[in-house]
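Chemist: Given the sequences, and given the hints that come with them, work out the whole structure.
These are the residues of each chain, in order.
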Amino acid sequence: MGFVSEIWKGLKVTGKTMLKTIVIGPFGGSELVTTPYPDEKRQKPQRFHGRHVLNRYPDGMEKCIGCQLCAGACPADCIHVRGMDNDPAHPTSPGERFGFVYEINMLRCIFCALCVEACPTEAITMTHLFEMSTTNRQDAIYTRAELLMDKDGSVPHMFPDDPLADLDELMVADGWVRATAPSGMAAYEGVQAWQSTAGPAEWGPEPTQDEIDARSAGDRNG
Amino acid sequence: MSWPEFGVIALRVVLTFGLLLVLTIINVWLERKVLADMQSRIGPTRAGPWGILQTVADGLKLFFKESITPRKVELGLYILAPFLAVVPAFLIFMMVPWGRPFMIGEQEVALQGADLNIGLLFILAMSSMAVYAVVLAGWSSGSKYPLLGAVRGTAQAISYEAALGLAMVAVVMFSATQGDGGTLSLAEIVDRQAGTWGDIIPVLEPILQFVPRWNIFPQIVAFVIFFIAIIAETNRAPFDLVEAEQELVGGFHTEYSGMRFAMFFLAEYVNIFSMCAIAATLFLGGWNGPTFDDALPGFISGILPTVYFLLKTYALVFIFFWIRATLPRLRYDQLMTLGWKRLIPGALAWLALSTLVIAFRQFGLPWS
Numbered sequence: 363m364g365f366v367s368e369i370w371k372g373l374k375v376t377g378k379t380m381l382k383t384i385v386i387g388p389f390g391g392s393e394l395v396t397t398p399y400p401d402e403k404r405q406k407p408q409r410f411h412g413r414h415v416l417n418r419y420p421d422g423m424e425k426c427i428g429c430q431l432c433a434g435a436c437p438a439d440c441i442h443v444r445g446m447d448n449d450p451a452h453p454t455s456p457g458e459r460f461g462f463v464y465e466i467n468m469l470r471c472i473f474c475a476l477c478v479e480a481c482p483t484e485a486i487t488m489t490h491l492f493e494m495s496t497t498n499r500q501d502a503i504y505t506r507a508e509l510l511m512d513k514d515g516s517v518p519h520m521f522p523d524d525p526l527a528d529l530d531e532l533m534v535a536d537g538w539v540r541a542t543a544p545s546g547m548a549a550y551e552g553v554q555a556w557q558s559t560a561g562p563a564e565w566g567p568e569p570t571q572d573e574i575d576a577r578s579a580g581d582r583n584g
Numbered sequence: 011m012s013w014p015e016f017g018v019i020a021l022r023v024v025l026t027f028g029l030l031l032v033l034t035i036i037n038v039w040l041e042r043k044v045l046a047d048m049q050s051r052i053g054p055t056r057a058g059p060w061g062i063l064q065t066v067a068d069g070l071k072l073f074f075k076e077s078i079t080p081r082k083v084e085l086g087l088y089i090l091a092p093f094l095a096v097v098p099a100f101l102i103f104m105m106v107p108w109g110r111p112f113m114i115g116e117q118e119v120a121l122q123g124a125d126l127n128i129g130l131l132f133i134l135a136m137s138s139m140a141v142y143a144v145v146l147a148g149w150s151s152g153s154k155y156p157l158l159g160a161v162r163g164t165a166q167a168i169s170y171e172a173a174l175g176l177a178m179v180a181v182v183m184f185s186a187t188q189g190d191g192g193t194l195s196l197a198e199i200v201d202r203q204a205g206t207w208g209d210i211i212p213v214l215e216p217i218l219q220f221v222p223r224w225n226i227f228p229q230i231v232a233f234v235i236f237f238i239a240i241i242a243e244t245n246r247a248p249f250d251l252v253e254a255e256q257e258l259v260g261g262f263h264t265e266y267s268g269m270r271f272a273m274f275f276l277a278e279y280v281n282i283f284s285m286c287a288i289a290a291t292l293f294l295g296g297w298n299g300p301t302f303d304d305a306l307p308g309f310i311s312g313i314l315p316t317v318y319f320l321l322k323t324y325a326l327v328f329i330f331f332w333i334r335a336t337l338p339r340l341r342y343d344q345l346m347t348l349g350w351k352r353l354i355p356g357a358l359a360w361l362a363l364s365t366l367v368i369a370f371r372q373f374g375l376p377w378s
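Line by line, the protein sequences give chains R and C. In the working numbering, each residue's number is its place in the first sequence (first place is 1) plus 362. In the working numbering, each residue's number is its place in the second sequence (first place is 1) plus 10.
It should be emphasised that the hints constitute simulated quantities derived from the structure, not laboratory data. Hints may contain errors.
Heads up, simulated SDA-like pairs for lysine to any residue below, C-alpha to C-alpha not over 25 Å straight-line [claimed, not checked]:
1) 75(C) - 57(C)
2) 378(R) - 321(C)
3) 75(C) - 496(R)
Stretch-level coverage of chain R by chain C, calculated; a stretch enters the list once three of its residues show a Cβ under 8 Å from a Cβ in chain C [claimed, not checked]:
4) 371–383
5) 474–481
C-beta: ideal position from N, C-alpha, C; glycine also.
Modeler: Right, here's the structure in full:
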């Protein structure tokens, strides 16, 4: 009759869990594994790959130079970029050219962030926004109008009136930038090397070479 | 039949049917909540307070969805099968007395759909009918997973119905000694469980007068066998090989959608509740319990028996959910071993034992 005690052991586990959830739960004692999603959003991992955003320099210039490296790197072939020469009198980006057409087909995108890695000017980064469901295919193609951030650093949301829309998610740091920035290392804590949030970065004074050397030495020794 | 009599019968049926429908809606929600709590989740919260209207929302959705008919089905049986599942499920509960009879004018209204004198036999017959729904649904779907589920369902039902019937025989035989001759009427079986065991052993009367005269105390083995058998009979975990989502997609109802699927779903939960209600009736004294007729106003003491009945039934329903949350599905050979090598011999042995005890108490020892 050994199986009876085994069954009883199992019943005790589920019973205890239920007591924890119902009785101790309201007093903060339960360890719920789920969250009531739209009411309460879970903290996403730092390096979360969410919706893309096209960044600007602090002075309002676009970072994208229309080089199409992101489109070349894209394994899903979902980015379409066409560059255009800047008007010398009123340049859109600091370089020769700027991204005149920039489209991402979010139905094809696999959110691998290879475009972010390929970008030479840190123009395209990713945010924490993932609620992008639409009711027709045309809405899933994001153009410059949706991707490019405003001059004040806020990012346009496709459906700002949606009950699920959380504009803050568009301002959260990009995963790849965090992962590869020197400030991602323990020894570089507090040193801003790359921009950590979307929007015009607030650059602190650059560290001197001595400081950098000291830090890398510490990092190597540590 | 006069009009008042007809009115009473109609009232009984409508009350029982309504109670069962409302409770089934609550049961589906309750199972989801209990399972969620046992798995450290929250469960449905959004439809109504605590998500209690979730079942209504799901039902409405299923009602308006298309009932897809695959090309290779045997159309007649395919359409018939869901009804074969639902109708017996409701008929089973019609036999169960769920409250103390009350008077409307001259007429006595028993809170029971119908009091057949062959009630238990009818229940066994109807629960066997429910197997046809599984078999016909699986076969008429013209698809392999439903067929596998149906074949398993047949074997399982045959194996466990034997144990179920034998456990019932034991309790019916015992119940026969408690009153004037044997009876299969559930109302009569409930009546015979009124009172306490106080008079059975004079020495222990101070203790036993607080023990209710339920059949579970002398028939505990029959109760355990009966309970295991009804879990298998309603195709619930750990005996849900008929559905087996992980291996057979959905088992016998794989090819069903929309309202036809909803009917199978409804039948399953109706069956759970009515089987637990039968277990409570046969073994836990049905609606019997202290009603304090002298101390409480008539309305409250009239409704207390129904409350006792629901409490006993829900205790058993909770054990159903608890077991589902805990135990993994049995392998097919384990299912057969448990049925044929444990439950049926156990039920037979218990039947023989309780027959001997009853005979000795009635006729004395053979050599005396």
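Chemist: Tell me, in ascending order, the numbers of any earlier hints that this structure violates.
Modeler: Number 5 - this is the single hint that the structure violates.
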